[in-house]
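Trainee: What follows is each chain in one-letter form.
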Amino acid sequence: TQLLEQSPQFLSIQEGENLTVYCNSSSVFSSLQWYRQEPGEGPVLLVTVVTGGEVKKLKRLTFQFGDARKDSSLHITAAQPGDTGLYLCAGVLTGNNRKLIWGLGTSLAVNP
Amino acid sequence: DTGVSQDPRHKITKRGQNVTFRCDPISEHNRLYWYRQTLGQGPEFLTYFQNEAQLEKSRLLSDRFSAERPKGSFSTLEIQRTEQGDSAMYLCASSSSGVNEQFFGPGTRLTVL
Numbered sequence: 001t002q003l004l005e006q007s008p009q010f011l012s013i014q015e016g017e018n019l020t021v022y023c024n025s026s027s028v029f030s031s032l033q034w035y036r037q038e039p040g041e042g043p044v045l046l047v048t049v050v051t052g053g054e055v056k057k058l059k060r061l062t063f064q065f066g067d068a069r070k071d072s073s074l075h076i077t078a079a080q081p082g083d084t085g086l087y088l089c090a091g092v093l094t095g096n097n098r099k100l101i102w103g104l105g106t107s108l109a110v111n112p
Numbered sequence: 113d114t115g116v117s118q119d120p121r122h123k124i125t126k127r128g129q130n131v132t133f134r135c136d137p138i139s140e141h142n143r144l145y146w147y148r149q150t151l152g153q154g155p156e157f158l159t160y161f162q163n164e165a166q167l168e169k170s171r172l173l174s175d176r177f178s179a180e181r182p183k184g185s186f187s188t189l190e191i192q193r194t195e196q197g198d199s200a201m202y203l204c205a206s207s208s209s210g211v212n213e214q215f216f217g218p219g220t221r222l223t224v225l
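Line order of the protein sequences matches chains A and B.
The first sequence begins at 1 in the numbering used here and counts up one residue at a time.
The second sequence begins at 113 in the numbering used here and counts up one residue at a time.
Careful: at least some of the hints might be erroneous.
Said to hold, decoys possible - List time: in silico EDC-like cross-link candidates among lysine to aspartate or glutamate, alpha-carbon distance up to 20 Å:
id : chain 1 : residue 1 : chain 2 : residue 2
1  : A       : K99       : B       : E180
2  : A       : K99       : B       : D119
3  : A       : K99       : B       : E156
4  : B       : K123      : A       : E41
5  : A       : K99       : B       : E164
6  : A       : K57       : B       : E213
Stated by the list, open to error - Here are the simulated distance ranges between beta carbons:
id : chain 1 : residue 1 : chain 2 : residue 2 : range
7  : B       : H122      : A       : E15       : 29 to 39 Å
8  : A       : G53       : B       : G197      : 41 to 51 Å
9  : A       : S30       : B       : I138      : 17 to 27 Å
Keep in mind that the hints were calculated from the coordinates and are not lab data.
Backbone N, C-alpha and C fix where the C-beta goes; we use that ideal spot for every residue, glycine too.
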C-alpha cells in the first residue's frame, strides 16, 4: 500500500501550458516536501509546507498543503522545457519525525 | 561545494562481485540516509543513521547489504555477491535532527552485468 499517491504518473505537455500535480494520502503529515529530480542526479528540494492550508510560491510554481494536512498540490504556470523532470512529494507522518514517506513521482515532459 | 557527495558516480560490475559506495554528508548534519531508486520511480528507503548509530533498516535490505558510519561522518554501503536486480541508482541524503528536509547527493549508478 502506497501511503502517498501521486498523480498523474506521467505528463507530457507543450511549452506554455499549465499543469497540476497531486499528492494524496489518508494519513496526516506534519510536513510535506516537494523535490525535483533530473535524470542521473539526486532529488533537489523545492519547498517544504508545514501548516494546513499553506500556499507557497516559487516563481511559476505554486505549492499548496491541504487544510487537513493529508494532501498537497504543485501547480506550474506557463511550463517551460527546463521544468522537465521527475517531481516527487515526500512527507513526515505525524508522530514519526525520522523517515520521509515518498510518493512514486510524476514524470513531466515539457515539449518546445 | 559543501553539499552531499557520493563516490563513485557510476559503477559497472559483474554478477557475484562485491561493491562499496561512499557518501560524505553535509558536515553539520547528524542524520544520514541511504535510498535505492529505479528508473522513473521514487526513492526506496534502505537504512538510516543518526551519528554513528544505524537506527533503522528496511526489510527490503537483504543480508548482502551492509552500511556503516563508523565516526558519524561519512558512510559506506557495501553490496556483496551482486545480482542483476541490484542495478539501480543508490542515493545518499543527510539532514539535521529535528529538521525533516533531506539533502541528496548526486547518487551512484550501479550496473550489474
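Trainee: Hints first: check each against the structure and report whether it holds.
Mentor: Going through the hints against the structure:
| no. | hint | verdict |
| --- | --- | --- |
| 1 | K99(A) / E180(B) | 18 Å, holds |
| 2 | K99(A) / D119(B) | 24 Å, violated |
| 3 | K99(A) / E156(B) | 11 Å, holds |
| 4 | K123(B) / E41(A) | 15 Å, holds |
| 5 | K99(A) / E164(B) | 17 Å, holds |
| 6 | K57(A) / E213(B) | 18 Å, holds |
| 7 | H122(B) / E15(A): 29 to 39 Å | 32 Å, holds |
| 8 | G53(A) / G197(B): 41 to 51 Å | 43 Å, holds |
| 9 | S30(A) / I138(B): 17 to 27 Å | 22 Å, holds |
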